[in-house]
Each structure stands twice: as structure tokens, then as C-alpha cells.
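Q: If you want the building blocks of each chain, they are given just below.
Protein chains: 2
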Amino acid sequence: MSAPLKVALLGCGVVGSSVARALVDNGDDLAARVGARLELIGIAVRRPDRPRPDVPVDPGLFTSDADTLVRSADVVIEVIGGIDPARELILTAMKHGASVVTANKALLAEDGPTLYAAAAEHGVDLYYEAAVAGAIPIVRPMRESLVGDDVHRVLGIVNGTTNFVLDKMDTTGAGFAETVEQAQALGYAEADPTADVEGFDAAAKAAILASLAFHTRVASDQVHREGITEVSAADVRAAREMDSVVKLLAICELLRDESGTPSGVSVRVHPAMIPRSHPLASVRDAYNAVFVEAAAAGELMFYGPGAGGDPTSSAVLGDVVAVARHRLAGGHGPVESAYADLPVVSMGDAATRYHISLAVADRPGVLAQVAGAFADNGVSIETVRQRVLEDGASRAELVVVTHRAPDAALRATVDALTGLETVDEVVSWMRVEGA
Amino acid sequence: MSAPLKVALLGCGVVGSSVARALVDNGDDLAARVGARLELIGIAVRRPDRPRPDVPVDPGLFTSDADTLVRSADVVIEVIGGIDPARELILTAMKHGASVVTANKALLAEDGPTLYAAAAEHGVDLYYEAAVAGAIPIVRPMRESLVGDDVHRVLGIVNGTTNFVLDKMDTTGAGFAETVEQAQALGYAEADPTADVEGFDAAAKAAILASLAFHTRVASDQVHREGITEVSAADVRAAREMDSVVKLLAICELLRDESGTPSGVSVRVHPAMIPRSHPLASVRDAYNAVFVEAAAAGELMFYGPGAGGDPTSSAVLGDVVAVARHRLAGGHGPVESAYADLPVVSMGDAATRYHISLAVADRPGVLAQVAGAFADNGVSIETVRQRVLEDGASRAELVVVTHRAPDAALRATVDALTGLETVDEVVSWMRVEGA
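Protein chains in written order, with the numbering used here: chain A, 1 to 435; chain B, 1 to 435.
Keep in mind the hints are simulated off the structure, nothing from the lab.
Please note that the accuracy of each hint is not assured.
[Unchecked claim] Reference excerpt, derived from the structure (chain B facing chain A, CB under 7 Å, subset only): (1) Asp-25; (2) Ala-31; (3) Glu-144; (4) Gly-318.
[Claimed, not checked] Chain B is faced by these chain A residues, among others (derived, beta-carbon under 8 Å): (5) Ala-195; (6) Ala-297; (7) Glu-299; (8) Phe-302; (9) Ala-315; (10) Gly-331; (11) His-332.
[To be verified] Sample of chain B residues with no beta-carbon within 10 Å of chain A, all distances over it, derived: (12) Pro-305; (13) Val-316; (14) His-326; (15) Gly-331; (16) Glu-425.
The model shown is predicted, which means the values in this text are computed figures rather than measured ones.
Ideal Cβ positions, reconstructed from N, Cα and C, are used throughout, including at glycine.
Model the full structure from these sequences, guided by the hints.
A: Here's what the structure looks like:
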């Protein structure tokens, strides 16, 4: 057994306290797996004097001086979250020779290249399995298992709160506002749910997944983002009628030119209908799952709990063991791979499919006029279903599902439909994925 | 970019030719991801003169002299399969300083420790993602992602042929023999399907998974193995009546003593009923999936194609990139972790649940006698369902599902039931998992 490795923990919230407990309670097993003991040398918190009965460590380990702490560690675990002071602390840690394990999706998605560059400069590891989809191993499979393959597309349910809300809307028929309140009461949604329901959290994860999948730098502000606040009970019901379900998806797609050469990547977060037969449709409650399509591997799915102290701690500790082993055996893990350097295309250029529900006049010629609006914008229709509305003799509902077309063309089609004299209302439109 | 790394390929069947094609066709991408070109220096085959139009390499690369080839390689890819000559070639390769990537589940499950010891002695990598569940990243997640956690149980559908057969029996109601013939006609089963349908293939994978999950050496001959040849259409129908489905499962379980200390591992392959609501129940056709229960992570599932040239090649190439990076950066990947060294318990000591279907006399006192047989063997009953058989006035069917009990006690109960005067026949019994 080698000399102990010094581990510094930054943050002691739900995840941090679970990590601290595991380092203490499973110390013998972790030592056997690493080949050296992991010695917790300090926990940086804002209020070191606050009693923490659930963290069974010497109270003297708590400190408010994170900057000094990280300078003497071999491995720094950052679970504070947010941009500052996490960024400076991670950079200081690396500068002083520590490998870093972080769960900080926001920082990675905003400024990953700076962190990667520092890791390379100082010859240390930067690991972040916990940043995407909690306990589910997805960063390591993307960085390592699939690195010999070509990933075409990633479809991820990477935010537990929104999946919980959409799943409940599907099973109860209730609306968005009511369901969010229920999620808050049950602890599945924050008092201020903006980061989840507006898709910010999923967008950061999408940026990380796209960067890994396509060997290209993608920052969170390059991710097209639409949340679920506009998803109505009627949308969910419309999906149900299509034998589909509404999910908030993080979508990373490789685009190719006519010769088949990769020409760009589309990275976006938005609600979409997916068929109930798709493996992602059965992801219930607050679970997460990432569906990956690769040239050789085919279709893979990774499923599990996407959040919570213990699941996130599992991912953090797997990384801690990995970087600790590297310190003992020499070498290091994968570094940033951004060689493909593909452009991130705008949402208008992303190829998607639409489900559009229209209230129209029930008389001859309406369908021709509607179909004309699609054709004028170069959008091909896959199916049309017409239903006479029960409450009115001369009104009907048209449900159109399109083939894939640039999102801009589909938006323009919706605008054109709104202006048609025979169309009372574009009742709803939503993108369709996974078909 | 560093100097090229010399890659030797052993075997050029379905997997080998896919690997060779990828090394050629994706050479630029692989070089960018590794930091050096992967130069294919030879392909060892039995008949080097045979035309191979689907492998776009210089025909001069084919050789029958595998032994010489492996001595000059940096990375050796072994996709011959079987014990000999694969074992000697791998050992020779390592002795001469090559890292090895293999898909050879049989060899790893029979003699993994010898290979691990050689890798450690010579300071090279031994990687084998493709040995379990094809393209699905499961070896790396078990060796690395979950290494900071404690795995309780692994339930795997790790043989595509048997899953295809059982899925078809479920959807068509047909019997085993008929369905195997259909699977053979469609290319999902070999002309001699023994290795698959008798569970040998799954047992080798179970041994590998258990070794990784529990840091304990498990060889394939320590795995309790029952195939699917005895699974009847009636069994599948009985499962359906329980809202369950029959799957061939590779099960790896950690046993604990009364104080909670790990006391042994149960590793077994057998058909079992699982509820249709379990994530494994929706694994259709020849797909594979591995369901993992861990202390902190909770329940995870890894899903994808478990076989085939391209999917297996994807897993092989991920490993090739990993070991190639280690050669450039120094260091190496995880080594054997067998420190826990837990005993493998016999099947009789494994805790399982049974579904038992009995034909009995329909008269007072029968249930008391049947229940007595369970009680005498210390087996607790969860549910009993009684149904009068339509074809006879005085005969009934009893379906009993038990709580968990040692398999030996359940076997003894079945024997005792067979001897009861009121029991005409033990119509069927099957283990129940995943509840």
C-alpha cells in the first residue's frame, strides 16, 4: 500500500456530505481499490462552525479557507457548484498539482476549455462523471468506451425535475402549473424551479455531452433552449393520441454534407413527442436516461437516477478512485478532445419534425390550402388526420405530422398557417423525435 | 502527433474484419483521438491466402504466424476466441510488451487471473469491454465508474440468442424447439446452439461481471448454470398470467452475514420470471441489458446490442484507443481487483424465490397439506392462487409464489410436494427475480 493521498472536499451540501460519509465509512474498501488510503484533509464550507451531525468527521476538518486547502491536496473534489469561486479554486488546485473531480455542469459548460487547458498544462486529471445524469455512467462511456466509434446522435432525459413533471402530466392529465406545485411539495422541484423548467440545467448537460460526442467545443450559450413551461395538458393529450409521450430532451446531432462529411453539430434542449415504443418513453418519475446512436455500436441506452446526494456521490467517488490510481500508477486519463472543431449550427438549420394541430373550417378546399402552406415552405407532410369537432357543425381539427425539415422552414410554415383565412387557430405545435 | 503504434489483429471473422475495416476507414479520426496513428502491422488467420474482399487491407498483412506477429506489436487485438491458442498468444504478446484488447469471454472466465498477473508483471494493459454484452459499455463502468460504490446485485440479459428465443416464445406462444428453429433460420442461433441455450456463454459473462462487481475471483465453473431448453410454452404462459416474462438471467449477488458484513457471492445463470414492469422485461429481440443495483448509485441499466461484428468492434476499438493513449501518456488502466476474496456459495445457499404450479385434488384439506410442505422446509409463501380446472370436477390448479428462501429449501419443498398424496403433479416451477 502506497502513502495516503490527500483529498480536499469543497462544499458540504447534500452531495458533499454523502461524499464525506463514503470516504470515512468505506475507507478500507476505497484504500484496497486505489492502492492507498484516501485521507480527507479538509472540507471547505462557508460556515465551518455550523454543527453537521450527519458528517462523521473531525469538526476541525471544516474550514472557510478553501484557497489554502486546495494548495496542499492530491485530489480536490469540487461540489460547490456555480461559476465563482469554483473556477478559481479548481485552477488553483491544478496549479498546485492536484487532480480535480467536479460535479459542476454549469462551469464545465461555460468554461470547460479553460479547465481542460489548465489540466493539460499541469499534467493532472479533470474528471466530471457526476456533472451529467448523476449516478449514470455516461461521461466515461462517451470519453472512453465510444471513442473508437462515431456517435451520430444523443437523446438525453437529463433533468429529473422536468421528467417528473411531464410524467405526472401524462399519467394524471393535469396542467403544468398544478403539477409543478405537486413536484415542489414532494421535493422534486425547487422553490424557484427556473433552472430546471426553463431548460438551463439540461442545456449545460447537452453542451457537455455534445462536446464529448463530437470532439468539438460546445458552450451552454450555444445550445438552443426551450423549457417546458409552455407544455399544456392539451399537448400531452395530443401526444397520447399519437401513442407518444412528451419529454424534455437534450439533443446532440451530427450533421453531414452531401458527401457524408461531418459539417456541423446541432445541440438543443426542447420538449418533444417521442413514441411510447421508444426506450426513452419508459423513463418515469425523476429518472434520467441517455440514448446514444453510434455508427458501429448501434443504439445504446444508459438509465438510472439523475440526481440526489448518494447517486451523485457514487459518480464522484468512481472518479476519485480513477484519478487516485493515476497518481499512483503514473499517467493520466483522457484530455480534451476538440480536434473535429465543427460549427454549432443555429436552430433554424436543425432538421426536426413537427406535430401541428390546427382548428380549421370544415369545408372543401381547406386541406388543399393547408397542404399548400407546407409545400410553399418545402416541408413534406408524413400524415394528416382530420376530425370534425363535436361542438360545431362547420369546424374541424387537422393534425399534421411532418417529415424532417429545417426548423426554420417548419416555423415559417406555422406562421403561414396562422395567416390562412381557413385556419381559425394553430392550436399547438411540438417537435417529434425518436421515430 | 507521436510515432505510429503497431497494432496486430488476431482473427478475421465477423468481428475481426469489422475491426480491420474501422482501423483503415477511420484511421484519421482514430489518430486524432489517440495522438498517434494506429498502424495495422498484420492479421493472423488460419488461411492467409483466402480472398477477403470485405477487408480493405494489403493482402500481404495476412499471416498464419501469429506467434511472430504478436512479438513486434504495441497493441494486440485478440478476436479468435476459445482457450487455445488465444491464451498463449496473449501471454506472449504481453511478455514482449504489448497491451492486449480481447473479446474472449471464455478465456477470461476460465483463466482471467493468469492473464491479469501477466499484465501486471509486464506493466501492460488488459482490456476486454467486448467480452460482455457486445457494444454495451459495462466492463468499464464496473471497473471504473462504480469502483467507489458497493454493488449489491447484477441482473444481466447477456445472451442475445436466448433472449430472442424467449421473447418470441412470449409473443407467439410457441414452444422452445420450434422457436429455436426459427431463430436458426433468421441467423439468431447457431446450427449447434448448445453454448447459448445451455447457458455456457452467459455463465462466462456472469463470472466476469461477478469478479468485477465484487472484487473477487469467480471462474466460469463456479457459476451455477441452467439453460432454457426446459422452458416450455406453459412456463411462458404461466409467467404471462403473473404479468411477468421469462428471461435467461446472469445473476451476481453479494451475500451478507447478520452483521451486514459481506460473506459470499452467488453467481448463477438460469431462467427466471421477472415482472413486466421491471426495466429488463422490455429488453426485446436479441438485445442485451445489464441491470445493476449499488448502495449509493441505486438502480442503473445499460442497454444495447449484445453481439454482431460492428457493435463488438465498437467496444474493441474503444479499448484500443484507451490502451494506446496509455502507451503515449504513460501509466495504465485498472488492474485485477480481487482483494475482497469472497467465497462463491453453492446454488443451494443462494436466496431465491419460486413460482410453483401444482395440479391437485379439489377437496378440503389440500391447501393445508400443501402449505405444510412449505412450512416444513422453512419456506414462507407470498401468494397462493387456486383455480378449478375446467376439464375435471375434482381437480384444481394451485399456483404458489414464495418469499426468498435458500434454493436448497425450495428444491426440497418441490420434492416434498411431488410426494404428497393430494398432489397429482408439480406442473412447473421457476425462479422469480426482480420483484
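Q: If a hint holds in the structure, say so; if it does not, say that too.
A: How the hints compare with the structure:
no., hint, in the structure
1, Asp-25, "violated (10 Å)"
2, Ala-31, "violated (9 Å)"
3, Glu-144, "holds (6 Å)"
4, Gly-318, "holds (4 Å)"
5, Ala-195, "violated (23 Å)"
6, Ala-297, "holds (4 Å)"
7, Glu-299, "holds (6 Å)"
8, Phe-302, "holds (6 Å)"
9, Ala-315, "holds (7 Å)"
10, Gly-331, "holds (2 Å)"
11, His-332, "holds (6 Å)"
12, Pro-305, "violated (5 Å)"
13, Val-316, "violated (7 Å)"
14, His-326, "violated (6 Å)"
15, Gly-331, "violated (2 Å)"
16, Glu-425, "holds (38 Å)"
Checked against the numbered hints given earlier, this structure breaks hints 1, 2, 5, 12, 13, 14 and 15; the rest are met.
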